[in-house]
Amino acid sequence: MSPRPPMRDIRLLDQPFLPGMLIGPFTQANKGLGGVCTFVGEVRFDQGVEALELTHYAPLTLPGMHALATQAFGRFDLMGLLMVHRVGMMRPGEPIVCVSAAALHRRDAIDAVDFCMDHLKSAAWFWKREKRAGEWRWVEPREADHSDLARWHDPI
Amino acid sequence: MSPRPPMRDIRLLDQPFLPGMLIGPFTQANKGLGGVCTFVGEVRFDQGVEALELTHYAPLTLPGMHALATQAFGRFDLMGLLMVHRVGMMRPGEPIVCVSAAALHRRDAIDAVDFCMDHLKSAAWFWKREKRAGEWRWVEPREADHSDLARWHDPI
Amino acid sequence: MITVVLLGKLADVAGAPSLSLQGPLDWAGLKAALPDTLAEALGDPRNRVALNGALIADTAALQAAAGDEIALLPPVSGG
Amino acid sequence: MITVVLLGKLADVAGAPSLSLQGPLDWAGLKAALPDTLAEALGDPRNRVALNGALIADTAALQAAAGDEIALLPPVSGG
Chain A
1 MSPRPPMRDI RLLDQPFLPG MLIGPFTQAN KGLGGVCTFV GEVRFDQGVE
51 ALELTHYAPL TLPGMHALAT QAFGRFDLMG LLMVHRVGMM RPGEPIVCVS
101 AAALHRRDAI DAVDFCMDHL KSAAWFWKRE KRAGEWRWVE PREADHSDLA
151 RWHDPI
Chain B
1001 MSPRPPMRDI RLLDQPFLPG MLIGPFTQAN KGLGGVCTFV GEVRFDQGVE
1051 ALELTHYAPL TLPGMHALAT QAFGRFDLMG LLMVHRVGMM RPGEPIVCVS
1101 AAALHRRDAI DAVDFCMDHL KSAAWFWKRE KRAGEWRWVE PREADHSDLA
1151 RWHDPI
Chain C
2001 MITVVLLGKL ADVAGAPSLS LQGPLDWAGL KAALPDTLAE ALGDPRNRVA
2051 LNGALIADTA ALQAAAGDEI ALLPPVSGG
Chain D
3001 MITVVLLGKL ADVAGAPSLS LQGPLDWAGL KAALPDTLAE ALGDPRNRVA
3051 LNGALIADTA ALQAAAGDEI ALLPPVSGG
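Chains as they are written, first to last, in the working numbering: chain A, 1 to 156; chain B, 1001 to 1156; chain C, 2001 to 2079; chain D, 3001 to 3079.
Hints were generated in silico from the structure; no laboratory data involved.
Quantities reported herein were computed from a predicted structural model and do not represent experimental measurements.
Do not rely on the hints blindly, as some may be mistaken.
Partner residues aside, some chain A positions facing chain B, computed with beta carbon under 10 Å [what the hints assert, rightly or not]: (1) L18; (2) G20; (3) G24; (4) G34; (5) G41; (6) F45; (7) G48; (8) G93; (9) P95; (10) D111; (11) D114.
Don't be surprised by glycine CBs; every beta carbon is placed ideally from N, CA and C.
Just chain A, with the same shape it has in the complex (with noise of 0.2 Å):
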C-alpha cells in the first residue's frame, strides 16, 4: 500500500483536451504504481453528425462523478483516479471522456477503469444534442443501458 492518500482527480471540461497532457502527470503523480489503466473515449463519427453537444447539471453531476470515484476506491485497490469529462459542444474525433486509474497490481487499475465507464453514465447525467444536416436534435434515452451495469451486481 502507499502512504500517502489516494490521489483524485476529477473535472468536467468545457473544452477541447488532449489526454496525453492529462495521463502523463497523472502517471507521474502517482510514484511507485505498478500499472495504469486508462480509457479515452471520443465522439464517434456517426453517419452525418456534424457536431454533439452535452449538457449537464452540475449540482448533480460533479457530485455524482465524486460518488462514483469514492466507489471505485473503496471497491479496488487504488493509488489515483482520474476521471474526465467533457461538456459542451464537441465534433466527432474530439475526446469525451478520460478516466485512468493507477495502481500496485493491474487487475484493480484494469477494474476499476471497467467498473466507472460502466457507471459515469448513470452517475452523471449528461443531455445529448446531435447536430444533422444543420439542425439539432436531442438524443432519446435508451431503455437499455443496464447489462453493463449488471455485470458489477455480484456480491464482491
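Start from chain A and add chains B, C and D according to the hints.
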C-alpha cells in the same frame, strides 16, 4: 466497421520508452474509433531491487506476441492493437509493457487489453533477473499464474 | 423568486434554459405557473426533479420558497 | 557446427549465452557433449527445447545437424 485492415503494432524495445509517444500516434492512426484502452505496466519499486533485466529468445518472443494479437483480433472487434514490451536492463519506475486497443465500442477495447495482459506472459517468454545490493539473481518461476488465464477459458 | 432550471429538451419546450417564478410553490403550483406545453411535458413519469441540487424522491413532497432552485430533468440520452 | 542458445539461469550454469557443438546431435548426444553441470541442469522436466525457433514437443525426437540452432529454455520467471 472500419473499411481498412486493422492496425497492428507489435514491438520489443531494448531502450526506455515513453508510453505517450506510442499512444498518441496510435490513437491518431485509428481515425473513427469509439474508444482506446491502454495499460502501461511499470517496474515496481520492490524492496531493495535496484534493477531488473529481461532476457528473451527472439525467435519465439515476437511470433508469440503476434499469435496473441491474432487471437485478440479474432475474439474482439478491434480497429487497432499496440503491444510493446521492454527487454534488457530496466530500473524501477520505467515502463515495461504497454498494450493499447482501439475499437468502435469500449467493451471490445477494454476486454482486449485485459485479455492481452493476462496472456502476454504465456505468449511471450521472458527470463527475469533482479539486482539487489549489487548482486544479480534470477527470479524463480511461480506455480500459480493460472487464475488470470482461467477467466478466458469459458466458451465465447 | 424561485429559479426553475430546465434541462435537455425541456429547455427547448420552454424556449429558455431557466425561468423565474414567484414562490412559494408546491408541485401543483409549479405546473400551474408554467406554460401549458411545459406543464404537459412534465407529465412524463421518467422526469426527475431536484431542489437546490438534490434529487427529490416524490414530486408530491416538493415545497419551494423564494431563493430556491428547482431543476426539471428529463430522461438522459442513450449511449 | 550447431549453435546451442542458453536462456535464463542456464546461461549462468554454462558461463556463456551460447555454445557451438559438432553435429549431428540427438538429445542424448547433446547432453553428453555439454559440460556436466549443464547436462545435470537439463534434467529439470520443466525445461523446454526449441529447434530453429520452434518448440519441440518431445526431446526424444530432437535431431539437429550442422547449421541448426538449439535453444534450451528453463521455466520462465514468475509474475
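Cross-check of the supplied hints:
Interface hint status for L18 (chain A): upheld, as the beta-carbon distance to the closest one in chain B is roughly 8 Å, under 10 Å. Hint status for G20 (chain A) relative to chain B: holds, with the closest Cβ pair at about 5 Å, below 10 Å. Here the hint on G24 (chain A) is kept, as its CB sits about 5 Å from the closest CB of chain B, short of 10 Å. Checking G34 (chain A) against chain B by beta carbon gives a least distance of about 5 Å; that is within 10 Å, so the hint holds.
The interface hint given for G41 (chain A) is met, as the beta carbon of that residue sits about 4 Å from the closest beta carbon of chain B, less than 10 Å. Interface hint at F45 (chain A): satisfied, since its Cβ lies 5 Å from the closest Cβ of chain B, which is below the 10 Å cut-off. Taken as an interface hint, G48 (chain A) does not check out: its beta carbon lies about 14 Å from the nearest beta carbon of chain B, beyond 10 Å. With a least beta-carbon distance of about 7 Å to chain B, the hint placing G93 (chain A) at the interface is held under the 10 Å criterion.
Because the closest C-beta pair between P95 (chain A) and chain B is about 9 Å apart, less than 10 Å, the hint holds. Proximity of D111 (chain A) to chain B holds as hinted, the smallest CB-CB distance being about 8 Å (cut-off 10 Å). With its C-beta approaching chain B no nearer than about 5 Å, D114 (chain A) sits inside the 10 Å limit, and its interface hint holds.
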